[in-house]
Structure formats: structure tokens, C-alpha cells
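**Q** Take a look at the letters that make up each chain.
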Amino acid sequence: MSDARLSVFKTYKLYVGGKFPRSESGRVYEVTDAKGKWLANAPLSSRKDARDAVVAARKAFGGWAGATAYNRGQVLYRVAEMLEGRRAQFVHEVADAEGLSKSKAAEQVDATIDRWVWYAGWTDKIAQVIGGGNPVAGPYFNLSSPEPTGVVAVVAPQESSFLGLVSVLAPVIATGNTAVVVTSEKSPLPALSLAEVLATSDVPGGVVNVLSGVTAEIATPLAAHQDVNAIDLAGADEVLAKELEIAAADNLKRVLRPQPVDDWSATPGIDRMTAFLETKTVWHPTGSLGASGSSY
Amino acid sequence: MPTNAPSAAHALADVTASDSSLRRFLHGLPGVDAVGLEARAASLGTRSIKTTAKAYAIDLAISMVDLTTLEGADTPGKVRALGAKAVHPDPTDRTTPATAAVCVYPDMVAAAKEAVAGSSVKVASVATSFPAGRAALDVKLSDVRDAVAAGADEIDMVIDRGAFLAGRYAKVYDEIVAVREACGTGARLKVIFETGELSTYDNIRRASWLGMLAGADFIKTSTGKVAVNATPANTLLMLEAVRDFRAQTGVQVGVKPAGGIRTSKDAIKFLVLVNETVGEDWLDNHWFRFGASSLLNDLLMQRQKLATGRYSGPDYVTVD
Numbered sequence: 516m517s518d519a520r521l522s523v524f525k526t527y528k529l530y531v532g533g534k535f536p537r538s539e540s541g542r543v544y545e546v547t548d549a550k551g552k553w554l555a556n557a558p559l560s561s562r563k564d565a566r567d568a569v570v571a572a573r574k575a576f577g578g579w580a581g582a583t584a585y586n587r588g589q590v591l592y593r594v595a596e597m598l599e600g601r602r603a604q605f606v607h608e609v610a611d612a613e614g615l616s617k618s619k620a621a622e623q624v625d626a627t628i629d630r631w632v633w634y635a636g637w638t639d640k641i642a643q644v645i646g647g648g649n650p651v652a653g654p655y656f657n658l659s660s661p662e663p664t665g666v667v668a669v670v671a672p673q674e675s676s677f678l679g680l681v682s683v684l685a686p687v688i689a690t691g692n693t694a695v696v697v698t699s700e701k702s703p704l705p706a707l708s709l710a711e712v713l714a715t716s717d718v719p720g721g722v723v724n725v726l727s728g729v730t731a732e733i734a735t736p737l738a739a740h741q742d743v744n745a746i747d748l749a750g751a752d753e754v755l756a757k758e759l760e761i762a763a764a765d766n767l768k769r770v771l772r773p774q775p776v777d778d779w780s781a782t783p784g785i786d787r788m789t790a791f792l793e794t795k796t797v798w799h800p801t802g803s804l805g806a807s808g809s810s811y
Numbered sequence: 259m260p261t262n263a264p265s266a267a268h269a270l271a272d273v274t275a276s277d278s279s280l281r282r283f284l285h286g287l288p289g290v291d292a293v294g295l296e297a298r299a300a301s302l303g304t305r306s307i308k309t310t311a312k313a314y315a316i317d318l319a320i321s322m323v324d325l326t327t328l329e330g331a332d333t334p335g336k337v338r339a340l341g342a343k344a345v346h347p348d349p350t351d352r353t354t355p356a357t358a359a360v361c362v363y364p365d366m367v368a369a370a371k372e373a374v375a376g377s378s379v380k381v382a383s384v385a386t387s388f389p390a391g392r393a394a395l396d397v398k399l400s401d402v403r404d405a406v407a408a409g410a411d412e413i414d415m416v417i418d419r420g421a422f423l424a425g426r427y428a429k430v431y432d433e434i435v436a437v438r439e440a441c442g443t444g445a446r447l448k449v450i451f452e453t454g455e456l457s458t459y460d461n462i463r464r465a466s467w468l469g470m471l472a473g474a475d476f477i478k479t480s481t482g483k484v485a486v487n488a489t490p491a492n493t494l495l496m497l498e499a500v501r502d503f504r505a506q507t508g509v510q511v512g513v514k515p516a517g518g519i520r521t522s523k524d525a526i527k528f529l530v531l532v533n534e535t536v537g538e539d540w541l542d543n544h545w546f547r548f549g550a551s552s553l554l555n556d557l558l559m560q561r562q563k564l565a566t567g568r569y570s571g572p573d574y575v576t577v578d
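Listed in order, the protein sequences are those of chains A and B.
The working numbering puts the first residue of the first sequence at 516, with every later residue one more than the last.
The working numbering puts the first residue of the second sequence at 259, with every later residue one more than the last.
If we strip away everything but chain B, and leave its shape as in the complex, we get:
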């Protein structure tokens, strides 16, 4: 269900008309109260989620995982193993929900597609010269077309951070629009901002609006390849952006924190952020995802603990 970019463009049509109007709009967004934002994210992280609520949260979190492998050493065999795990995360307990998607490089899409065939698991592919995004536009677009042609259901693109930081917002905007077109109607587009490279919260807010104006179906924090990845604070900021965007345009956009979320406790904190900021509409893997690889094992160990009453260990989940 790709959201339709035209309606977003309609509500804020004059904003994207030119480079200067775009700049005026983005710089006119209210500044972020950094201390308040971090305090709010930290205070929402103190909620105690136990017993049945915890079981629900763990299953929900499992169903939201984009199980990711983005290594130079990826092989078709590794992708097949990952696909099998995505479909049945815990083979000893078939009541475990499947994950949302597997996330791979474009050349592995075909292998991933085969591995998850017949299940609800989607195949997401990073594209546009991930993770740096330093390539010519036609190279990036052919990267996207390759992935889509191989059957990717979702495309995770990176924005041109260099252009963004240099203030050339229209270039970033046009690129996202072009990639959105290359995705066609079949694939949903996730736009990665690499928040760790954007320096300020103000920039993250601007990037979020820029991405949504350009027709992103999802906005995603980071590639997982830099020092600072998803944090509760920057995810909260992006959740506020999608909430405000829907209020203004009626278009709902998903959020995907990625990188650095390793424990069930962390994942549940993010779910609390979602529930308290944008509400239940987003508590679904169509609108919220975790980009992670090691998180799934911790979720499974916690799930086993709840089911059996005994603490589990890494010997009882796969080594990825």
C-alpha cells in the first residue's frame, strides 16, 4: 500500500516549488529543544512493561524486525539462512511470529526472494550506492531499478548527506522524487537520513520533512554503518515529524529506527515511544520497523524465558 505522493505535494505544493521556497519552509520549522527532547525520550524509557504486556510487546517487536545482513561477505547461503530465520524465527516454537522483512544488498534480492517465498516476509533492499550514497544519480537509479526488477518489495535509499549539509535541499528532494518514481507502484520507499551525520536535531527535523514531502513511505534513522545510529531521542523526533505531517496532509508515513538496538528492553522502549507519540495507528509492521540483526536473538531468548520460566542462553538461538 504505497502512499500517494501527489496528495502530500498538493497540501504543501508551493513549498516544493523552488529551491528557495523549500529552504524557507525547512528553516521555518520550529527549532528543536534538545534538552527537552532527550528528557522526554528518557522519561518514556522508564516505563515498566511486564508479564502479558511484555509478551505482547515482544511478539509485536519480532513482527517488526527487518532482519538485516549488509556485509561485504554476504553469500547466497547466508541470505538463505537469514530468510529461513525470518520466516520461522524460533523453529522450536512455531507460535513465534515471522519478522516483517529481510534486508539485503540489491544483488542478493533474488536469493532472498526465493528464501522467503510463500510467506508474509517481505524483501527489502538497500540501494542508491548504500551506505555512502556518493554516486551519480543515474547510477543510483539503476541500482534501484535492479533491486526492483529482482523483486524487492521495499527499497531503502540513502539521501545525499553532502548536498543536504551544504544546504542544497532541492537536489536532495529531486533525488528522492526520482528514486520514488524508479520504485514504481510496487515497492515502498524508505528514506535513510543517517542521523549520525546530520549533526543537529534541527537538521533531523528538516530532513524528515524533506523526505516526507518528496514522497517517502518510511523515514529511517540510519544505515547502521556509522558510530551513532538510532537513539530514542532522534526516533522520537522523527515520530513527532510523521505525526505532524499526517495532521497537516492526511498522509501517514512509517518510521524505522536502525542500528544499535540490540536488546528486548531497548526495543520495548521504542514501542513505548511509538504508542505515546503517534499512537496505535503506528503499532503495526506496516508503519514501524526495527532495522536490526542481533536484536532478534535477544527477543527470542526473552520469549523463551517468558514461555518456560527459565533464563535462556545464546546456545538456544542461531549464530548469524
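Chain A on its own, in the form it takes in the complex:
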């Protein structure tokens, strides 16, 4: 007779500034699967966790925005590599969270990994597509280039706990922004596990910060926060989205309103990337080059 082994339960934690803290408030809440069976306790974040996450995201912004687009692409591709290695775990978590069969969940996870790769490829191409040299009537170059907006608060979709999450998170960081993610309230576990993947790939700490809990409780201080530059309301219902948009107006945040998405696995297009880019246009004088190779 062999003894039944006691399984080791996982303590799900937040991801802030490259570390895995518990909620500052010390609170947790019960996460259940689609049928109501207990899965784990997840941290119930407070507004102070949101504040700490913004500080971490702001600190990471300079380095991440300043990294070359090529480097960002390499880092994001590395995330996809790491995800591939933990595929089985994510299939399990997504199946539990969304009440899917193993094969349906596997489809979701594969689509998610492909989504990372897709956005990783875009990092050094988006500037060619939406930037460029503008024709002007004078001896100048006039160049437009996309620049990241800054710290972006992302309210992740409520239903699609993994594919939906990555579909809103990846475009934000691919373009050089840093993100504070509010996970799906009902099924935060795939997002919290994704944080472990991010921590073990080459994404610098603070570039992505993951908070689980009651969406309205965390998103409200983020929307009002003066040091958050933009907010994606993908996972906010109609009432909450309106409230958040009003709070966000105070410091002229960029707001991406929730858009109905029937199928997260459809090719997303570049709208989510351009939503959090600002176009910088510079004038640069030209002239005939002298013997020194310079006109100055």
C-alpha cells in the first residue's frame, strides 16, 4: 500500500516591480472554477498595491522605453519560449478558469503563445508603418516617429482570462510602455502565473505589474492617479467604464474604451498598439554637405 501523497498548494501572489509580494492589505479571496469548486486563494489588492505598482512601472519606464525596439522584440519572444515550456500548466489553469475542455483550453493557450510571438515581431516594425518622413517645402527633413505614452493601466478582460489578457497586455509593452494590469476578477490565476513567466524571462522588473482583486476597487485609484498616462478599459462593464473615464479625465489620460470582442483569437490588427503611442514630429535642417561631410 502506498501512502497518498499530500499535494503542495500554490500560494498565488501579486507581481510588482519584479517581486512577488502579498497584498499590502493582507487580504485574499477565494477563486473558484467555472462550477464553483475552490481552486486557490488569490490576493485581494488594495489601492496601496495599485500605488506601489505605479511607482514600480514609472521607475521601469525609462529603461524599457529606451531599449532598442529590436531588444524589446527579443525579450518578448523569450516570454513566448518560456510560455511554451509551461504550456501544460496554463492549459490546466485555463480549463479550470473558463470551464473549457482540455483540447479547447489547449487551443486558447496556443493562440496566446502565438499572440506573444506576433507582437514580439511588431516591436521593430511599428515605427515604419505609422511613422515616417513627411514631405515639406523647405530645406528640412520632417520626421514623425511613434513614442510610448508612459505608464498604462490595463483592465484585463473578465471572461477570456489568458488569451484576452495577453491580447491587451502585449501591445502595451511591445511599444515601450510599462503596464499595471488588473486581472480578471473571477479568474485571476492564469494572469498570476503569467507573472511568474515574465519574471523568469528577460522582462525587466516593473515593466509589467499584475494585481488581482475586485476590479472596481483597484481600477478606480489607477484611473484617478496623476502619474498614470493611459488606461485600457477592456475589462470594465458599462457602468464602471463610465466612472473610470470620468476619473481619468482629470489629468487628460488617454482612454481606450471597451470594445466588444467576440473572438479573441482573431488577428488583432495594430489598433491596440497605436492606441498607446504618441507621434513625435521633429524638424531637422539639411543642406549641401561641405568638405568636412557636414553642413554645420
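No wet-lab data here; the hints were simulated from the structure.
A hint or two may mislead.
Taking lysine to any residue and the SDA-like style, the derived pairs with C-alpha atoms no more than 20 Å apart in a straight line are [claimed, not checked]: (1) A:K574 - B:D578; (2) B:K312 - A:R562; (3) A:K574 - B:T576; (4) A:K563 - B:T310.
Short derived list, chain B residues pointing at chain A, Cβ under 10 Å [claimed, not checked]: (5) M559; (6) Q562; (7) K563; (8) A565; (9) T566; (10) G567; (11) R568; (12) Y569; (13) S570; (14) P572; (15) D573; (16) Y574.
A virtual CB, placed ideally from N, CA and C, is assigned to each residue, including glycine.
Given chain A's structure and the hints, the job is docking chain B onto it.
**A** Below, chain B without anything else, positioned relative to chain A:
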């Protein structure tokens, strides 16, 4: 209101009579229990200060800031900007109190004086070959006289750490006395020990007593130019020294932690230390100061948060 050094000297007159009596006295001070000191400082740092108490503490801390710029790259323009900020730390909210002083190098005193004219903000000047203090006494004294002549209300001097560590306490003592004289009656004297270079808590206690015996109006932890600056533990130790000194001589001496205090949370911890160690008599910018530059911005952001309920950001305070 410069304290009068003579009365201090009177109570402990025989102590300062000679090098050997000074050494006997300083080495006779009780040794510091390092573990106990750090534990006490840490436990006082766990107090939770919220809502109205926090608002009071933030305003008090703002009024205690010596807004400092001590860079080789200081320009009159930068000093003017600093002065304007000291007078109205938050131009969008005129209920914000002014800071206590601006702290500059001697050659910038005139510019600073002009920038804060007509306000309650004082001008403090570092002197005596700050930050190293490695110069001849007459050079140091002329440095002090320059600053005083330019209108400095306060002089921040550095002690000769080399002499102190070599055990030549009388030399350090005589130097402080000479600088005190050069300050005249108009300027208050802050004595910087550079606690990060004194190695032990025992030395910090000895330096504190030495400075107070020599007539310091303020004792100050550090220059802000070395790795270890003000810590809760060394500030607590100096607060205990000024408390004991007043009990023994009746003379009250101020304390100024400087360097490394960057957040409102840290500043409030120091205020708790003051209140619990020396009491309300010191909770005033005449007796307690923060030497800091970036601290003020964090205090202002916290103040804005309390006023509006929204977290503020560095875009809403000045870039210094």
C-alpha cells in the same frame, strides 16, 4: 535666538579646561548599546500616522526642510529657483507652509538672500571648507566670515574628523569655538559631525557632547556627501544627547538630520523620534530641521494626495 555658549561652559566649565579633562569627560560618557539603539529607532518607526495627524506631520515636515543645493554646478539661476520654491513650495496651493531655510555654498548666499527676501525663509550656508573640512583654521574662518558678511542667517560647519578620530578633541573644540565667534551674534551655528565617518555610535555620542560644549546651536548628522548619512538610529542618539544636555545645563540645542531622507514616510518617522525622545519642545523648525532636497517633492505629492484624494505624480512638482 542664538543660545548663549557661556552658560553651557559654566555648568561644565572644568570639563573643557584642558585636553585631558575633555578626553576624560568624553570617554567617561556611557557606552552606546548599539542593538538597543537600533531596535528602539526601528520600533518607533512602526507607528501608523494617518489622516489629520498625517496632514499635520506633512505640513510640519515641510516647514522644517532646509532646502539644499550643494553642487559644483550651482548657478545663481538655480539658487533663485530654489529660493522661490522655498517661499512657495506648491504654487498651486498657497496654504502650503514655507520651508525653514535654503542651504547653499557661501558664494551663493547673496543670490539666495535676494531670492527669499521678504519671507520667513532663512539662508543657511555651509562653510569651513565643506564637505571635507581639510583646510587651515584661518581659511575656514574667512570662509565663515564671508558667508556671514553676505547675510547668512545660519552657518553649517563641518568638524575636523581627522583630528576627532585621532583623539585630538581639544583641537576640534577650539575650532568650533572659533567658528562660533566668527558667526557673531546674528548667525546660528550648526555643527556637522559626518556620522558616516565616525565609525561608532560611541564616537557620535562623544562628538555630540563636544559640539554642544563648544556652543553649537544645532548638531547635524552629515554633509550628504558620503555613503551613510542620516539614519533613524544616529539621529535618535543625537536627540538623546541634546535631551541630556538640556537636563544638565539648561541649554537647548537643535538637531538636523541631513542626507538620505527622501520620502514623507521617512520624514514622519523622524518626527516620531523627536516627539518620543525630546518631546514637543523640539517639534518646531527653530529646533529641528531636515537637510534635504528631494524630500520636499515627496512631501508635496503626499500633501496633494491628502487634499484631492488622487495619487499625485512627479509631473506636478518641480524638477530641481
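**Q** Decide, hint by hint, whether the structure agrees.
**A** A quick look at each hint next to the structure:
1. For the proposed pair K574 of chain A and D578 of chain B, the alpha carbon gap of about 18 Å is at most 20 Å, so the pair holds.
2. For the given pair, K312 of chain B sits about 18 Å from R562 of chain A by alpha-carbon distance, which is consistent with the 20 Å threshold.
3. For the hint linking K574 of chain A to T576 of chain B, the alpha-carbon distance of about 18 Å falls within 20 Å, and the restraint holds.
4. Distance restraint check for K563 of chain A and T310 of chain B: the Cα-Cα separation of roughly 18 Å lies within the 20 Å cut-off, and the hinted pair is therefore satisfied.
5. This hint holds: M559 of chain B has a C-beta 9 Å from the nearest C-beta of chain A, less than the 10 Å allowed.
6. The interface hint given for Q562 of chain B holds, since its Cβ lies 8 Å from the closest Cβ of chain A, which is under the 10 Å cut-off.
7. A cut of 10 Å between beta carbons decides the hint on K563 of chain B: the least distance to chain A is about 9 Å, and the hint holds.
8. For A565 of chain B, the shortest C-beta to C-beta distance to chain A is roughly 12 Å, which exceeds 10 Å, and the interface hint is violated.
9. Taking 10 Å as the C-beta contact cut-off toward chain A, the hint placing T566 of chain B at the interface holds, the least distance being around 9 Å.
10. For G567 of chain B, the interface hint holds, since its Cβ comes within 10 Å of a Cβ in chain A; the closest pair sits about 7 Å apart.
11. The beta carbon of R568 of chain B comes within 4 Å of a beta carbon in chain A, closer than 10 Å, and the hint placing it at the interface holds.
12. A least Cβ separation of about 4 Å between Y569 of chain B and chain A falls short of the 10 Å threshold, and the interface hint therefore holds.
13. Residue-level restraint check for S570 of chain B holds (minimum Cβ-Cβ distance to chain A is 5 Å; threshold 10 Å).
14. Here the hint on P572 of chain B is kept, as its CB sits about 7 Å from the closest CB of chain A, short of 10 Å.
15. With 10 Å as the threshold, the beta carbon of D573 of chain B comes within range of chain A, its nearest partner Cβ sitting at about 7 Å, so the hint holds.
16. With a cut of 10 Å, the hint placing Y574 of chain B at the interface with chain A holds, because the nearest CB-to-CB distance is about 6 Å.
Hint check: a violation occurs at hint 8 only; the rest are consistent with the structure.
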